[in-house]
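Asker: Sequence:
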Amino acid sequence: MRNEMKHRVAVVLVAAGAAVAINSAAAYEAFHGPTELVYSDPTKVASGYLLFAAWAQNEDHEYVYLIDTDGNVAHRWKAITPEYEGRGYSIEKTAQMTETGSVILGLSTAGHNYRGERALVEIDWSGNLVWEFSDPREGYLYHHDFKRIWNNHLNDWTIIFTSRIPMTQEQAVAAGADPSVQWEAAPDGVVEVDRDGNVVWEWWSLDHVVQDKNPNWPNYGVLAEHPERFNLNWGSGVSGDFTHQNALDYNRTLDQIVVNNDRMGELYVIDHGSTFVAGDFEASRALAAGPAGDIMFRWGNPWLYGSGEAPSYNTDGDVTSEGDRMLFHHHDTQWIKEGLPGEGNFLIFENGSRRAGPHRSEIIEVNPYAGTYPDSSYLPEMAAGGPAEQVVWNFTAVQPNSFSSRNISGVQRLANGNTLGVAGRHGHVFQVTPEGEVVWEYIVPIVRGTDADADPSEIYKTIMSDTEDNSIFKARWIAPDHPGLAGRDLTPQGKITDMMLE
1 MRNEMKHRVA
11 VVLVAAGAAV
21 AINSAAAYEA
31 FHGPTELVYS
41 DPTKVASGYL
51 LFAAWAQNED
61 HEYVYLIDTD
71 GNVAHRWKAI
81 TPEYEGRGYS
91 IEKTAQMTET
101 GSVILGLSTA
111 GHNYRGERAL
121 VEIDWSGNLV
131 WEFSDPREGY
141 LYHHDFKRIW
151 NNHLNDWTII
161 FTSRIPMTQE
171 QAVAAGADPS
181 VQWEAAPDGV
191 VEVDRDGNVV
201 WEWWSLDHVV
211 QDKNPNWPNY
221 GVLAEHPERF
231 NLNWGSGVSG
241 DFTHQNALDY
251 NRTLDQIVVN
261 NDRMGELYVI
271 DHGSTFVAGD
281 FEASRALAAG
291 PAGDIMFRWG
301 NPWLYGSGEA
311 PSYNTDGDVT
321 SEGDRMLFHH
331 HDTQWIKEGL
341 PGEGNFLIFE
351 NGSRRAGPHR
361 SEIIEVNPYA
371 GTYPDSSYLP
381 EMAAGGPAEQ
391 VVWNFTAVQP
401 NSFSSRNISG
411 VQRLANGNTL
421 GVAGRHGHVF
431 QVTPEGEVVW
441 EYIVPIVRGT
451 DADADPSEIY
461 KTIMSDTEDN
471 SIFKARWIAP
481 DHPGLAGRDL
491 TPQGKITDMM
501 LE
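The working numbering applies: residue 1 is where the sequence shown begins, and numbers increase by one.
Calculated from the structure, these hints are not laboratory results.
Bear in mind the structure is a predicted one, so any value in this text is a computation, not a measurement.
Take these hints with a grain of salt, some might be off.
As the list claims (entries may be wrong) - Using 20 Å as the maximum straight-line C-alpha spacing, the simulated EDC-like pairs for lysine to aspartate or glutamate come out as follows:
1. 147 - 170
2. 78 - 132
3. 213 - 241
Said to hold, decoys possible - Derived CB-CB ranges, DEER-like:
4. 179 - 124: 47 to 53 Å
5. 87 - 371: 50 to 56 Å
6. 86 - 138: 21 to 27 Å
By construction, the Cβ of each residue, glycine as well, lies at the ideal position given by its N, Cα and C atoms.
Make the full structure from the sequences, and use the hints.
Answerer: Following this line, the structure appears as structure tokens:
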């Protein structure tokens, strides 16, 4: 019998805007109750391993874990290697596994705030630091997300990551920003570095703006005529953090990058292939800053470029009606990988914490194409009849608060058609079938410390209150045939709680 604390959850399958099936399933939120493996149906769960980084904020407890479907540790990497010990570093967001069995993760000396020192590091299977990168340019700041990609132009691996670039108030106004708005932060971009730590490509949002405030500047224009550009002055009180990029993904077949624009409530696709010149950073930078680097496709909030029904807001800035806007604080947009059900579509974790009415989170699958992937062009959201018409599957809750995470979180399509959901704020990871049945659930048992003196009591077998401190940014499911696992000893080592509390 399932745990009585679980909530009833529903899945709605959407085609051409019409619900075609509704299925109920049980899902668990870690407001209180047992941690680690909660439920598993071995006949329906996708085989493999869960990879996640624990935010302990304590050097002794910060590990990247590989967990099997029984909830046992198959392997772990100490996140803070000797080279970084005693320097105030902790896990910045998440971790990813490479084809050699190493993991790449971000480190920060200021937690998840936009300050301090940042580093991307690679740690091999044995725990050795084998690569590191810190952007030496003043004011440039890696944040939120990264992706190791195969660069066809270089015939080698590189890493792309979300970053910030410094900008003064005067520079912002010169770009067309409303001079009455104080730009307190720096605009976002995407940076690519090679194995040697060289910046080989970068793209910046501020190169692709349109504004209707200052007719004396060349980026002045009618918003509805320029969906390929950002409205620099959208909404009210917008500061320099006008995109807040919190996730990205790369499609090798298309040679394109998709980025979450959390602040505006949309995702957008930019072209990497036509803007990359091997061996010539300046040429690449110029192409990425020009028309070739404009937005190829955007989805989630057509009001931003003067189309569709606008959402409405009260005097406090809260949403009172949603209009055609679909995303209200979303995270982790992913292309569904080729060979998997829904290949080429986008999967999105929509936190929903800024939408009208009760808070509810949602997993959304979007088919953005006019024809068949990968040979088709994108179909603009309003040409499809609105963004809702491009939703082909979603997972949400009957009771609004029974599946929710107010920020962070992640999503991934798995080999057997299941979808991995990561309600990150509560450390809740689950697999759900296409029909909406939750078939595997895991609760992270590691509660984030508040200072450097945190002790092992932060490893909990039961969580009795909704502290949100067992959170993880997101997680990834590692298939059993992943090349990084070939020949590795994956003997179960026991539960995290047993290992850490023994």
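Asker: Hey, residue 213 versus residue 241, does the alpha-carbon distance stay inside 20 Å?
Answerer: With a Cα-Cα distance of about 19 Å, the restraint between residue 213 and residue 241 holds, given a limit of 20 Å.
Asker: Quick check on a hinted range of 21 to 27 Å for residue 86 and residue 138, using CB atoms only.
Answerer: Taking Cβ atoms as reference, residue 86 and residue 138 lie about 25 Å apart, which means the hint holds.
Asker: Mind checking the alpha carbons of residue 147 and residue 170 for me, to see if they're no more than 20 Å apart?
Answerer: 33 Å, violated
Asker: Check the hint pairing residue 78 with residue 132 against an upper bound of 20 Å on the C-alpha distance.
Answerer: 15 Å, holds
Asker: Is 47 to 53 Å a correct range for the gap between the Cβ atoms of residue 179 and residue 124?
Answerer: With a Cβ separation near 51 Å, residue 179 and residue 124 satisfy 47 to 53 Å, so the hint holds.
Asker: With 50 to 56 Å as the target window, see if residue 87 and residue 371 comply at their CB atoms.
Answerer: 52 Å, holds
Against the hints set out earlier in the document, a violation occurs for number 1 only.
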